[in-house]
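Between the sequences and the hints, there should be enough to build the whole structure, so can you do that?
2 protein chains.
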Amino acid sequence: MSNSPLFLKALSGERTERPPIWMMRQAGRILPEYRALRASLSGFKELVETPELAAEATCQPIDRLGVDAAIVFSDILTVPEGLGLPYEMIPGFGPKFPKTIESPADLDKLVGPQDAADSLEYVYGAVAASVKRLNGRVPLIGFAGAPWTIFCYMIEGQGSKTFSKARKWLMQEPVASQRLLNLIADTTAIYLKAQIAAGAQAVQLFDSWAGVLSPKLYHEFALPASRRTLAQLSDEQTPRILFAKGASHSMGLVEEADAYGVDWTTPAASARAAYGDLTVLQGNLDPAALYGTPENVSTEVNAMLKDFGPHHIANLGHGLYPDTQLPAVEAFVETVKAFRYADAAAFAK
Amino acid sequence: MSNSPLFLKALSGERTERPPIWMMRQAGRILPEYRALRASLSGFKELVETPELAAEATCQPIDRLGVDAAIVFSDILTVPEGLGLPYEMIPGFGPKFPKTIESPADLDKLVGPQDAADSLEYVYGAVAASVKRLNGRVPLIGFAGAPWTIFCYMIEGQGSKTFSKARKWLMQEPVASQRLLNLIADTTAIYLKAQIAAGAQAVQLFDSWAGVLSPKLYHEFALPASRRTLAQLSDEQTPRILFAKGASHSMGLVEEADAYGVDWTTPAASARAAYGDLTVLQGNLDPAALYGTPENVSTEVNAMLKDFGPHHIANLGHGLYPDTQLPAVEAFVETVKAFRYADAAAFAK
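Going line by line, the protein sequences match chains E and C.
Residues 1 to 349 in the numbering used here are what the first sequence spells out, letter by letter.
Residues 350 to 698 in the numbering used here are what the second sequence spells out, letter by letter.
In short, the hints are calculated from the structure, not lab data.
Check the hints yourself; a few may be wrong.
Simulated pairs of lysine-lysine, DSBU-like, Cα-Cα distance not exceeding 30 Å [as the list claims (entries may be wrong)]:
#1 C/Lys445 / E/Lys96
#2 C/Lys565 / E/Lys161
#3 C/Lys448 / C/Lys517
#4 E/Lys161 / C/Lys517
#5 E/Lys132 / E/Lys99
#6 C/Lys514 / E/Lys161
#7 E/Lys9 / E/Lys99
#8 E/Lys165 / E/Lys216
#9 E/Lys168 / C/Lys445
#10 C/Lys565 / C/Lys517
#11 C/Lys445 / E/Lys165
#12 E/Lys306 / C/Lys565
#13 E/Lys165 / C/Lys514
#14 C/Lys565 / E/Lys216
#15 C/Lys517 / E/Lys306
#16 C/Lys565 / E/Lys168
#17 C/Lys510 / C/Lys448
#18 C/Lys510 / E/Lys216
#19 C/Lys510 / E/Lys168
#20 C/Lys358 / C/Lys686
#21 C/Lys510 / E/Lys165
#22 C/Lys510 / E/Lys45
#23 E/Lys161 / C/Lys445
#24 C/Lys517 / E/Lys96
#25 E/Lys161 / C/Lys394
#26 E/Lys165 / C/Lys686
As structure tokens, then:
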């Protein structure tokens, strides 16, 4: 057994005595200290773009909750901004891009991968400042949006329930779509390598909108683009996690990641059947389960841990909802930390 | 072989020479004659609430596209309105309920099932007017939202990406949630029976937001509520279709319907594996596929028809997007109508 932190041990495929835990959106509005920090600033982007402040937000859940990994406080929309499409974060609405890609000719106006990644120095600064502030307590995860998810925002310019305009682009401009996805994929690979160089010890690719695609379009466009990014990181010796939300129809088709996120609508048994018992899976508590009492949370978490078995990183199946109460979050963390595979006789695999 | 229309033959489980076709949202903004009708009115609700106008919208896709079934032009939000929560349809925003259910005590202020259903006479009028205007050309489908989906709107008062407030209610007010779901289920059963009495020859229950639930909450709340509605229709001799969008984790768990909708993210092979070859399945073309050329549409539709095999009703896996062009829609319809199971040698089952 190595002496590396629990989270990295689990990611490397080693058996651990219990699963590590972290939570998507753990650095954010569920924490009073985050809300206080945020209230002192001009806006969300000031926080993302100021390394010391981002590092403070990154570390808050480690101090408060004792989770086994930190994730750098940032946003998936830094990459389209680096490529030449700046965004605004509008309170009560979400992200909004004043400029979007409207025709294939617009692709010529975008920045190249290296320059785009180079312009995101503040993210690498946030990674380095977070690592310094963490001081070895837990590993830091870097992250980026997957190419398809970033493509959605570059075409639509804001959130959508169906991203039908982005899907229309795939259908009507397949060559330009491929070109844009490749550009995003290559930029994202450089971006994640730079986060690793700045100190990130694992990276996660979020394909938040994989679930709006038919399996056909997912296989044709989104999946190869994610693989293209992940493959460029294969020499990094840094574990890669892919979370393709809503794409349970295609579990097991990507080999370039070291762990796979499972969303809250996918039964653990289905994920295990698709990925096998030895693949590291991450997830997938329903964030709404944290609206329950601490006792109920504990029951659900124990059931989840048994369902996944070893080679598992405990997490939610979607980001924390902002109105989640801390006692429920604490119950999640404590239940995972008290769990022992050795006590669960059914897992003597 | 009976002499009943193709759509009803297929729904009854009879083998047909080709699958029937209709499309979710076929009566609506894709048709210029619908946009003209709509532009002449004060608003969406005038159309829904005036039987002769609703009947006109119902029949437009039959006249224009030659589909094998009509669906009454209406809205799933009539039921919460009948129960005492009126809605407004705000252009560019969607439905908005000025009053919502905020506490269990609010349930006491709601109308009972029979009175709620009785207040929706205009829907039964629209059904009757549609049947008259169709004059036997194709069968008419009546419909309602499934209890969970209606519950979402009664709690949240508007659309949402996650419906986390409604899910919070399930977690924090399970008894009141059950009571509200039962109230909606019973109202919906009476409502659909009245549509059948007015002439609907099939009914569809739309669980549009099934996909935001974890399998656990879906099994505990949404699924039993849909079954409760469907079971009350078992003596009607009228086929029932259940479309639980995003709940592919639970295919095959409901027995009270005569056919099951399949969404566009679920491979036909997965649906057949869960339901078997003899269950009537409906779906599931990606609505974004209709952004392709007519030739591409035809190729994709033929592939889909082969994937589902017999005992299939051709449809989309989600409603038509409003900016879909008619040539693609026409190619969908024509391809299905030209298809013959007898020519697809692989289906000599």
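Hint-by-hint comparison with the structure:
1. C/Lys445 / E/Lys96: holds, 23 Å
2. C/Lys565 / E/Lys161: holds, 24 Å
3. C/Lys448 / C/Lys517: This hinted pair holds, its Cα atoms lying about 18 Å apart.
4. E/Lys161 / C/Lys517: At roughly 21 Å apart (the allowed maximum being 30 Å), C/Lys517 and E/Lys161 satisfy the hint.
5. E/Lys132 / E/Lys99: Given pair E/Lys132, E/Lys99 is violated - Cα atoms ~36 Å apart, limit 30 Å.
6. C/Lys514 / E/Lys161: Distance of about 17 Å is within 30 Å: holds.
7. E/Lys9 / E/Lys99: violated, 43 Å
8. E/Lys165 / E/Lys216: holds, 17 Å
9. E/Lys168 / C/Lys445: holds, 28 Å
10. C/Lys565 / C/Lys517: Holds - the C-alpha atoms of C/Lys517 and C/Lys565 are around 14 Å apart, at most 30 Å.
11. C/Lys445 / E/Lys165: Status holds; Cα separation ~24 Å.
12. E/Lys306 / C/Lys565: With Cα atoms ~15 Å apart, E/Lys306 and C/Lys565 stay inside 30 Å; holds.
13. E/Lys165 / C/Lys514: holds, 28 Å
14. C/Lys565 / E/Lys216: Measuring from Cα to Cα gives roughly 29 Å; hence the hint holds.
15. C/Lys517 / E/Lys306: holds, 25 Å
16. C/Lys565 / E/Lys168: With a Cα-Cα distance of about 34 Å, the restraint between C/Lys565 and E/Lys168 is violated, given a limit of 30 Å.
17. C/Lys510 / C/Lys448: Holds, at about 20 Å.
18. C/Lys510 / E/Lys216: Within the cut-off at roughly 24 Å; holds.
19. C/Lys510 / E/Lys168: holds, 21 Å
20. C/Lys358 / C/Lys686: holds, 15 Å
21. C/Lys510 / E/Lys165: holds, 17 Å
22. C/Lys510 / E/Lys45: holds, 23 Å
23. E/Lys161 / C/Lys445: holds, 17 Å
24. C/Lys517 / E/Lys96: The hint holds at about 28 Å.
25. E/Lys161 / C/Lys394: holds, 23 Å
26. E/Lys165 / C/Lys686: holds, 29 Å
In this structure, the hints that do not hold are numbers 5, 7 and 16, in rising order.
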